[in-house]
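Please model the entire structure based on the sequences and the hints provided.
Residue numbers (numbering that gives the first Met the number 0), protein chains in the order written: chain A, 0 to 408; chain B, 0 to 474.
Calculated directly from the structure, the hints in this document are not laboratory data.
Any given hint could be a false lead.
Below are the BS3-like pairs computed for lysine-lysine, each with C-alpha atoms no more than 25 Å apart in a straight line [claimed, not checked]:
id, chain 1, residue 1, chain 2, residue 2
1, B, Lys249, A, Lys393
2, A, Lys397, B, Lys249
3, A, Lys122, A, Lys80
4, B, Lys3, A, Lys393
5, B, Lys16, B, Lys168
6, B, Lys249, B, Lys446
7, A, Lys122, A, Lys3
8, A, Lys80, A, Lys91
9, A, Lys198, B, Lys16
10, A, Lys212, B, Lys3
11, B, Lys16, A, Lys382
12, A, Lys397, A, Lys378
13, B, Lys3, A, Lys261
14, A, Lys397, B, Lys168
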Amino acid sequence: MVDKVYIDNPGALKIDLMLRGIRLDGALEGHGLFKGRAGNGVDIILPNDALVNVPCGDEYTLASPYLLHSSGKHYTITAPKDGRGVPVKVVKPPSFYSEYTTTGKAFSDIATLHGSYSAITPKPVCELFNENAECRYCAGGFDKVDANPVIYTVDEVLETAEAILKEGTSDIIYLSMGYSDCDDGGIEFLAPYIVAIKKHFRCLVAVEALPPKSNKWIDETYGLGADSVLYNLELFDKELFETICPGLAKTIGRNRYIEALKYAATLFPNGTVASHLIVGLEPPGSTRQGIDMLTSMGVVPILPIYRPQPGRALRIEPLTTEIIIPVYRHLYKAVKENEINMLWVRDISVVTTPSEGRALIGEESKGLTSLYEQFYKTKLGAKTAWGLSTLRRKLRVKDTKGLVDSSKN
Amino acid sequence: MGVKIDRRPIWLLLALKGLRTFFFIAIFAAFLYVVWMPLPDGLTPEGKNAIAIFLLCLVFWVSNIIPLAVTSILAMVLVPLLGVMPRDVVYGLFGNEAVFFILGAFILAGAVMHSGLSNRIALAIMERSGNSPKGLLLRIYLLAAILSCFMSEHAVAAMLFPIVFEIAKGLELRPGKSGYGKLLFLSLAWGCIIGGIATFLGGARVPLAVGILKETTGATIGFFEYSVAVMPIAVIMLAIGYFVLTRSFKCEITSVAKAHAVLEKRIHAMGKVTYNEYAVGAVLILTIIAWIIWGHSRGLATIALFSVVVLFILKLVRWKDIEEYVNWGIILMYGGAIILGTALEQSGAAYWLADRLVGGWITGPLLAVAFFSFLTLLFTIGISNAAVIAILLPVAIGLTSSFGMNPTVVAYAIAVPAGLAFCLPMSTPANAIIVASNYISVRDMAKIGIIMSLCAWIVFNLVARYYWPLVGIQF
Ligand code: SF4
Numbered sequence: 000m001v002d003k004v005y006i007d008n009p010g011a012l013k014i015d016l017m018l019r020g021i022r023l024d025g026a027l028e029g030h031g032l033f034k035g036r037a038g039n040g041v042d043i044i045l046p047n048d049a050l051v052n053v054p055c056g057d058e059y060t061l062a063s064p065y066l067l068h069s070s071g072k073h074y075t076i077t078a079p080k081d082g083r084g085v086p087v088k089v090v091k092p093p094s095f096y097s098e099y100t101t102t103g104k105a106f107s108d109i110a111t112l113h114g115s116y117s118a119i120t121p122k123p124v125c126e127l128f129n130e131n132a133e134c135r136y137c138a139g140g141f142d143k144v145d146a147n148p149v150i151y152t153v154d155e156v157l158e159t160a161e162a163i164l165k166e167g168t169s170d171i172i173y174l175s176m177g178y179s180d181c182d183d184g185g186i187e188f189l190a191p192y193i194v195a196i197k198k199h200f201r202c203l204v205a206v207e208a209l210p211p212k213s214n215k216w217i218d219e220t221y222g223l224g225a226d227s228v229l230y231n232l233e234l235f236d237k238e239l240f241e242t243i244c245p246g247l248a249k250t251i252g253r254n255r256y257i258e259a260l261k262y263a264a265t266l267f268p269n270g271t272v273a274s275h276l277i278v279g280l281e282p283p284g285s286t287r288q289g290i291d292m293l294t295s296m297g298v299v300p301i302l303p304i305y306r307p308q309p310g311r312a313l314r315i316e317p318l319t320t321e322i323i324i325p326v327y328r329h330l331y332k333a334v335k336e337n338e339i340n341m342l343w344v345r346d347i348s349v350v351t352t353p354s355e356g357r358a359l360i361g362e363e364s365k366g367l368t369s370l371y372e373q374f375y376k377t378k379l380g381a382k383t384a385w386g387l388s389t390l391r392r393k394l395r396v397k398d399t400k401g402l403v404d405s406s407k408n
Numbered sequence: 000m001g002v003k004i005d006r007r008p009i010w011l012l013l014a015l016k017g018l019r020t021f022f023f024i025a026i027f028a029a030f031l032y033v034v035w036m037p038l039p040d041g042l043t044p045e046g047k048n049a050i051a052i053f054l055l056c057l058v059f060w061v062s063n064i065i066p067l068a069v070t071s072i073l074a075m076v077l078v079p080l081l082g083v084m085p086r087d088v089v090y091g092l093f094g095n096e097a098v099f100f101i102l103g104a105f106i107l108a109g110a111v112m113h114s115g116l117s118n119r120i121a122l123a124i125m126e127r128s129g130n131s132p133k134g135l136l137l138r139i140y141l142l143a144a145i146l147s148c149f150m151s152e153h154a155v156a157a158m159l160f161p162i163v164f165e166i167a168k169g170l171e172l173r174p175g176k177s178g179y180g181k182l183l184f185l186s187l188a189w190g191c192i193i194g195g196i197a198t199f200l201g202g203a204r205v206p207l208a209v210g211i212l213k214e215t216t217g218a219t220i221g222f223f224e225y226s227v228a229v230m231p232i233a234v235i236m237l238a239i240g241y242f243v244l245t246r247s248f249k250c251e252i253t254s255v256a257k258a259h260a261v262l263e264k265r266i267h268a269m270g271k272v273t274y275n276e277y278a279v280g281a282v283l284i285l286t287i288i289a290w291i292i293w294g295h296s297r298g299l300a301t302i303a304l305f306s307v308v309v310l311f312i313l314k315l316v317r318w319k320d321i322e323e324y325v326n327w328g329i330i331l332m333y334g335g336a337i338i339l340g341t342a343l344e345q346s347g348a349a350y351w352l353a354d355r356l357v358g359g360w361i362t363g364p365l366l367a368v369a370f371f372s373f374l375t376l377l378f379t380i381g382i383s384n385a386a387v388i389a390i391l392l393p394v395a396i397g398l399t400s401s402f403g404m405n406p407t408v409v410a411y412a413i414a415v416p417a418g419l420a421f422c423l424p425m426s427t428p429a430n431a432i433i434v435a436s437n438y439i440s441v442r443d444m445a446k447i448g449i450i451m452s453l454c455a456w457i458v459f460n461l462v463a464r465y466y467w468p469l470v471g472i473q474f
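See the structure below:
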């Protein structure tokens, strides 16, 4: 059963690859493109243009039924036991990964490209690690507990954003934040970065932070220029949330996550408020309940698949693609039923997006939907999204004193 | 944190934004239509253009769609551009005495406030009010009125507001519910409004009216002469105001003993009277005496500016301190209004307009005073009082010339009621300030404000009819 492969269905193949990873053909071992990919994976474009970040080099991937071959510049994924294969493209790491800021910091340390978006963490520190209360699955590299943590300056982040946008693949910059003991969920710290990026570039900015104590900070987040916001609940099951995310459960609490998401969904444009629910950390039924609750509030659930790490085997076993596919189908249906815009959360290499779930129920995007999807992938589409988002903010935000003003100095 | 989110539907927000653009296009189209339309009988081309500019400014002043000062700048630009008056004359009018008097008055008031003198006087007077609620009310009312005779009523309201607010809190009055709370804040606003009409210093309206009057007719009104004419109106209105106030809301407390603790704390925090306070007080008193004695011969602005120089020679203020108190927007607004008024008068447009609008049925001075004072009181409910003067005075002066009426009278008939705005928060900053306290609602204010406006109209006309001839103001 475990050896069932999905070579013919790109939607299911994406999930299966994310879950089980890929092995490399002998000829590719040691190839520059794949060196040191353990923990990071390799970005591959499947036949339906779906981008997927496939684990490769990690121990558990050695059992994967999939093998990546190359002949010249062409790549194929095959399932040796099954004998079939599909042509794929391997995405080269962006060229800015090998470049540095003027202060000598590697861009690859500051930002990570995930397809249509790039994530920047100006302060890669999470205070929960200090108290041994971190989320047990956390693999964000936030554990560098240090008296003088690295904090990238606004200028360094701006240089990085410029390099990302020049590369041309990402048009959304995600600014993320670990836990810090404050009422604002980290937005006060991120404010100068958001404002500076908005001031210098015509790109969309998403903020991945922690729910602030009061909704005023959510208003502030929108007013500052964030086009999207993510408060990642990660687990819907209350008890598992408390066990796996003890720090967040104690300091913020599940209820506040839900309240903040609900409020943000009334403020931000449709489809731009999202929350992660990690598939594999709780029973699928619980994830489905989470999907229902989030979508009923207008929040887009983003479902990353848990990738086990040494010493952190939290996965609900057995986790197979057969178990996961119905969850993604449910995700697509719930998002569609609640009329949530699927254009924002798209082309992400590390998750199957709601719109990609469409392929799993055998539906195709047609007519206007397909036109919109194609349009927003173009440069003009990205500019239009930016323009509409900016216009909306101009109409909605009446008073921009406070944090916004501080940027004008 | 300072972000406010407008949650109305996006289509509505878009429509409102579009409406603004549409509004500007429509207004400028109408403006161009008036400029290009055939010349009406009895009007010069300059007069027609002056009317076009006047109508444009009228819409902008009334709608407040752009700041009042910017509308005035627009008038300054359009008058020479459309050939109504040469540009050297236009910009020369900006150097009008009224404009410099306002500047001097702002600086003097700024010095008084900066020194802390006004605050100390206010606290000292209130502190001596005893324990009777009505006594405290009367002190606040009269104090606001008296201070507004010497400095801008807006500044007085802003200065006394925090003190009254603390008193209300000290007395544990419930915002929106307490009758005495409403009385305290209304007495503050009404005192400022009524006191503000008594002298040239209460607001910059009177100097503006005098500026327009002087540029268009050559006539003027002196500092002392004005107060002699208007003081009875202020006194009668103060009495009526107190009567209306004390009957409109129930006073639910019997003692204001707790208020004294608040006042004492503030007085204590101020320390001893400083040299600066004495000196600024002396300069202010000498300035007022000089205005009364030499106002006519030397000019009010000259005296005001001389006092300003003295303040700096004596190092009583620094320019940095003063800049906070000088409202350059008002100064620009007044300069533009004077230019527009002069353009209407000199091009013959004011006379033509008045003749067409009301010439047929306003046949005598008394009717003119009754009509314009009523119109002013009506306009001033919703429009800035300076804008009301800028709109009505040139037209009214145009009318007076048709039946040989003294233009000074009509200047009074507009300048004085323009200050008597009791009804709404947008009528005058004093009202807006007290509504911000949450102790008084717009409804409460409007309900009794209408009664006060009506009384103001009757009192003004009675004083004009029976008292002014006694002090030499002939119709
Ligand atoms: S909040 Fe949890 S998931 Fe986020 S960085 Fe901290 S430990 Fe990791």
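Run through the hints listed earlier and report the numbers of any the structure violates, in increasing order. 1, 2, 3, 5, 7, 8, 12 and 14
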